[in-house]
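Q: Model the placement of chains B and C on the given structure of chain A, informed by the hints.
Residue numbers (my numbering), protein chains in the order written: chain A, 4 to 593; chain B, 185 to 350; chain C, 3 to 625.
If you're looking for bench data, these hints aren't it; they were derived computationally from the structure.
Just so you know, these numbers come straight off a predicted model, no measurement behind them.
Any given hint could be a false lead.
Claimed, not checked - Straight-line Cα separation of at most 25 Å, DSS-like style, residue types lysine-lysine; simulated pairs: (1) A:Lys591 - B:Lys255; (2) B:Lys321 - C:Lys58; (3) C:Lys99 - B:Lys321; (4) C:Lys279 - B:Lys219; (5) A:Lys45 - C:Lys343; (6) A:Lys163 - B:Lys203; (7) C:Lys20 - C:Lys338; (8) B:Lys203 - C:Lys282; (9) C:Lys338 - A:Lys163; (10) B:Lys203 - A:Lys485; (11) A:Lys130 - C:Lys282; (12) A:Lys163 - A:Lys179; (13) C:Lys338 - A:Lys45; (14) B:Lys193 - A:Lys591; (15) A:Lys59 - C:Lys374.
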Amino acid sequence: MALVNIKIDGIEYKVDSSLTVLEAAKQCGYNIPSLCSFNHGKCSKASCRVCLVEVKGARGLVASCVYPVNDGMEISINSQKATEARRVSVELLLSNHNQDCQSCRKNQNCELLRVAQLVGAREGMFKGEKTPTTYDDLSPSLIRDTSKCVLCGRCIEQCKSVQGIGILGFENRGFKTIVGPAYNKSFNNVACLQCGQCVTVCPTGALMEKGEIDKVDSAFKAGKFVVVQTAPAVRAALGEEFGMPIGTPVTGKMVTALKRLGFARVYDTNFAADLTIMEEANELLERINNGGKLPMITSCSPGWVNYAEQYYGDILGHLSTCKSPHEMEGAVIKSYFAEKNGIKPEDIFVVSIMPCTAKKFEKERPECRGVNNLPDVDAVLTTRELATYIRRAGIEFNRLPNSEFDQDIMGEYTGAGVIFGATGGVMEAALRTAYFWLTGENADSLLKCEPVRGLEGVKEASFKIKDMDVKVAVVSSMKAAKPILDDIRAGKSPYAFIEIMGCPGGCINGGGQPYVRSCMLPNEDIDIEDTYRAKRAAALYSEDERQTVRRSHENTQVQALYKEYLKKPGSHKAHELLHTSYNDRGHKLK
Amino acid sequence: MALQEHAIKEIKEIVDQYKNEPTPLMMILSAVQTKFGYIPMEAQELISEETGLSVAEIYGVVTFYSFFSLKPKGKYIIGVCLGTACYVKNSQQVIDKFQTLLGIKPGETTPDGMFTIDALRCIGACALAPAVRVNDKVYPQVRVEDVEKIIDDCERMEAAKNEKGN
Amino acid sequence: MKKVTNPEMLMVANATFKKRLDAKFFSTNGKRAIVICGGTGCLSSDSVAIKERFEKVLKDRNLDGLISVNMVGCFGFCSQGPFVKVYPEDTLYRKVKVSDVETIVEEDFINHGIVDNLLYVDPQTHQKITKMDDINFYKKQKRIALYGCSVIDPENIEEAIGYGAFQALNRALHMDRQEVINEILESGLRGRGGGGFPTGRKWQFAYNQESDEKYVVCNGDEGDPGAFMDRSILEGNPLSVIEGMMIAGYAIGAKQGYFYVRAEYPIAVNRLNIAIKQAKELGLLGDNILGTDFSFDVHLRLGAGAFVCGEETALLNSIEGQRGMPRPRPPFPAVKGLWGKPTIVNNVETLACVPYIIREGVKEFTKYGTEKSKGTKVFALGGKVNNVGLVEIPMGTTVRELIYDIAGGIPNGKKFKALQTGGPSGGCLTEEHLDTPIDFDNLVALGSMMGSGGAIVMDEDNCMVDVAKFYMEFICDESCGKCTPCRIGTKRILEILTKITNGEGELSDLDRLEELADVTKNGSLCALGQTAANPITSTMNRFRDEYVAHIVDKTCPAHVCKNLIQYYVDETMCKKCSKCARNCPVNCITGVPGKEPYKINSSVCVRCGTCLSACPFHAIKKK
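Bound-form chain A, shown alone (with noise of 0.2 Å):
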């Protein structure tokens, strides 16, 4: 690492040369506001001159977010011209702007908010006509308001580098230039996979999840037995949101705070991963031992899910026909809870908290739907919404003491349905009950599955399990996924089993969880846009560690339900409740 010296305002100051200007002043102390800023200046636009400072020598102002250190360099952040243009490019697009801060729910997240307060704003400079908007909330996951776009571009770059789609873009010209998808069309109509990863980087309140809040309400006030279930991802995340460091657990109050908000039954998701393991485990087994197709994709991902049936109908054979884990959870309720309860599957209505916006959508499926054709889900809040939901009732977070999920029948569950929640877990959990199933013994070895375990977006291991060798994938975001499908279509992939995962890093970081950015978060480490994913991951490990019984096969009450009630995995009443089917969805504007 090459040291330079550059000087900031008139100090001397050491900093590493492949630095931009806006990280190094960072690193030195200073906050130059910004907005388009990305991935380190990688993929910045430097289009939003809000991050705009003096260099002796360049001609006019540059953007710190995008102009490399060098040696010698004087930069002045706190000279007139240039906390003036910095004010004017803020007011600028803020005269741009709909500026309903108030009733925003972005506004305490709002980046836009923040640096107009950096910069100093003043009410009411520049006023004038608007860019004519577009307001889309058809998707049941996405709403696109353009009111509040700032065209920084971040969701473009998203799309396209995590997702390797690229549905959104820049349209039209100059002052009319929105950002969309094609023919400013409704995410519902274009190949979109909802899954909320250009919502994790919009600055502003531009792109945000469906609200589903109004309909828990609307299904108390109907006097509805609601249960709510919340997904392994949520509880390594959901501190954030009442200012709790990255990577703080936070099990036992957020249990605590579903209860007082009334729910019926808190139940944990994770019982639902153990029983997914059971389904997925003995599917997986059965095409290996009958011939079926391999190698056999997981399904746990809706946004995952998404994506095969836009993009790769044709092989949409791999999928696993589990549901996902909430939707199983669901429909359970509503049939085995429901009848040991003596209560109308009608009147339940279930409530999922998910890291994750494209579960909204995947309750809608008509695929979805078990007992007497009701949805196995009603809602789904997204962690986001749950913080909400808990400071709307005026509980305080923090001082919440630790609860338990409910433990009557469905309350058990075992470490391998935590770590379903980071990148590598489904397989892992996976692996611990094949292992067992096929050879009648536990490998402690695949308590901590290395291979596996790690936020690269392609990750490979092979077990010899017996005498067969398993050859196995785990992969998150669909541009990782990409050559691997690829081979798949061709023919010509090695594997027996992959985990595939919609989001980069798995539902840790899924579209639905806390914003990271570290400009809104003074007191985490200055590169926490790297590091926050693998403490949240850790945050699920050592909850798997903590559990004694770490095998889903190992769940008594899994075993319950199937000797009660399904009988055997991948049995008649298991298929009718908890497997589905999938369908070429290619037709849409890719």
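A: Coordinates of chains B and C only, in the frame set by chain A:
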């Protein structure tokens, strides 16, 4: 509206023609625009399939350049030059007159598909200012009073064409 | 024709074709030649029909063996076109119509006279002038970038070779690459497309880069309204630009060249295509050019109607099939340009100067110009001047010489108000700058810029606030929308200007304009935005009183801004004919025919100006 078979064939041929060029999107779009007079959504989808570029990217390019059009243009494209030389010689009033007479704004096409008005940026006919271009013909030194005559010209040409056709 | 594969063959070809050209133009054996202007302006005034008519008439009279008919590139003097020039006498006919062809043939070719009424008349002396070089418009010009335009047939490579094409390339190929760059550095050649960056330094940056592939890109996306020199060069002598590009390619180590030309220039594109094809056929493009190791290929890409693509990084994005949005710099294109490879982007006029410098020598070039701006510059003269057209003048020519000598002054005895240079990126010079020598640095110092060379003259009838608004409308339309100051800032500037010209301005708007102008200048991403406010700043500095008049007095001194003018009937001139009243679309003019002078009811009047043009007696006035 699905593309007709011959259109699909022609677009595929255009894409093929440029497939060895690096980054040929602009060339493809120019060729489609010239051939069909506009670039319909279905054509963009087809180009997307053939090139692997996303529709959003193609649409972004189409809507960026004023030469590309999403809607069919009129048979007679009336371009009024609003370059500096023409502007200082009153071309704004000329285009206003076209708007009043045809009842459309620049960029729009009359409902009968006859006329499109385009506001042009300097066509380099500065010495002829203010200049009006109808398809390939340039009318020099156009005054507001000449506007009606230019429209009449087009209508007469169209009538003559139809007569021949019959 | 045989391929030209080594220097000797080039020399032979040059000698052969030069002889042929001389025989055509300077024949002493009674043969004569007609050249007809084939620039866009003259073409749209039927110069092709004139050519065809000549061919037919000459054939009918059996003169076709004696008199050749040729079409050449732009003569530059567009307001007097179409031109027909007769060799060897050098007679120049202007404003020729198809119907004049027979007269010319009859009176000139058969009777050896001169067609008097087709000669140019000097607007000041009212004298008729026979020869092109005696016309003031041409007197102070020096053709370096326009070398060969209006002389050679642009669609015939043989004429170009006879006129010196590829001599410079041949010389360069026998020099060390660094030596070539040194000559360009020494020549002081600066980019003709706008910024005036030293061309040699650009080349040097690219030369210094290690890379398996490099590119030369020629920027032919000339978009400044009122500027058309690049088009004229490409139409008149495309090979000079190709040769310049090849020399650049040799110097920096590139094997591929890309032309990016506006789609609005079909004739230029066509002639460029022909030139490329002919050069390839002769082996002058392709592998091992003139028997050396140097190989070079040229490709043509078309723009699609986006002014911003004249900005070099936007242009590169456009070639790459993307929206033409500029890239942040660094990295500069010379380091990371087209497809990520070192690239130089040079403007058409710049490249056209290169063969001249290498062929004629640095000294021949530097003898023109000022200390820091060497050579010549092509200007497109337009607006309120007698002589509208394209001129190539030595740098350092004064504004006065340009307007009063070359352009023949302001028509109708009106008063000069301002000269706008640099198009929408430039500013205006006024009376006090008439004796300023025009060069890159003087223009910048005065708050304007060279730009691509548009030079629009305004007279007292032009409202400078309206002119500023016009340019801002242009910029708003053409802003790519990428960066905030340009996308929203220019829009807000335009809104304020609209408010002022509507008579709704307040004095505080001027502060706001200054603030916005500052941030678009200092804060925009590319040159388009950085210079967008120049017309505002410049008019506000020089014509602040006009702004104040609009805001405080609610009047437009030049009587241009619709909302601020009133039409009235000058009763002393009114002949009570009623024509105005009959033409008024809102019936706001009343009077009694033959009895009472007419009156305009201002509260109803929509200020359409119909009455003004309808009145045969000039009795309608504006105040």
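Q: With reference to the structure, classify each hint as holding or not holding.
A: Hints, verified against the model:
1. A:Lys591 - B:Lys255: Roughly 21 Å between the alpha carbons, so the hint for Lys591 of chain A and Lys255 of chain B holds.
2. B:Lys321 - C:Lys58: holds, 24 Å
3. C:Lys99 - B:Lys321: holds, 17 Å
4. C:Lys279 - B:Lys219: holds, 24 Å
5. A:Lys45 - C:Lys343: Roughly 18 Å separates the two Cα atoms, so the pair holds.
6. A:Lys163 - B:Lys203: holds, 23 Å
7. C:Lys20 - C:Lys338: Measuring from Cα to Cα gives roughly 42 Å; hence the hint is violated.
8. B:Lys203 - C:Lys282: Satisfied, since the Cα-Cα distance of roughly 22 Å is no more than 25 Å.
9. C:Lys338 - A:Lys163: holds, 22 Å
10. B:Lys203 - A:Lys485: holds, 23 Å
11. A:Lys130 - C:Lys282: Between Lys130 of chain A and Lys282 of chain C the Cα gap is close to 58 Å, so the pair fails against 25 Å, i.e. violated.
12. A:Lys163 - A:Lys179: holds, 23 Å
13. C:Lys338 - A:Lys45: holds, 15 Å
14. B:Lys193 - A:Lys591: holds, 21 Å
15. A:Lys59 - C:Lys374: holds, 24 Å
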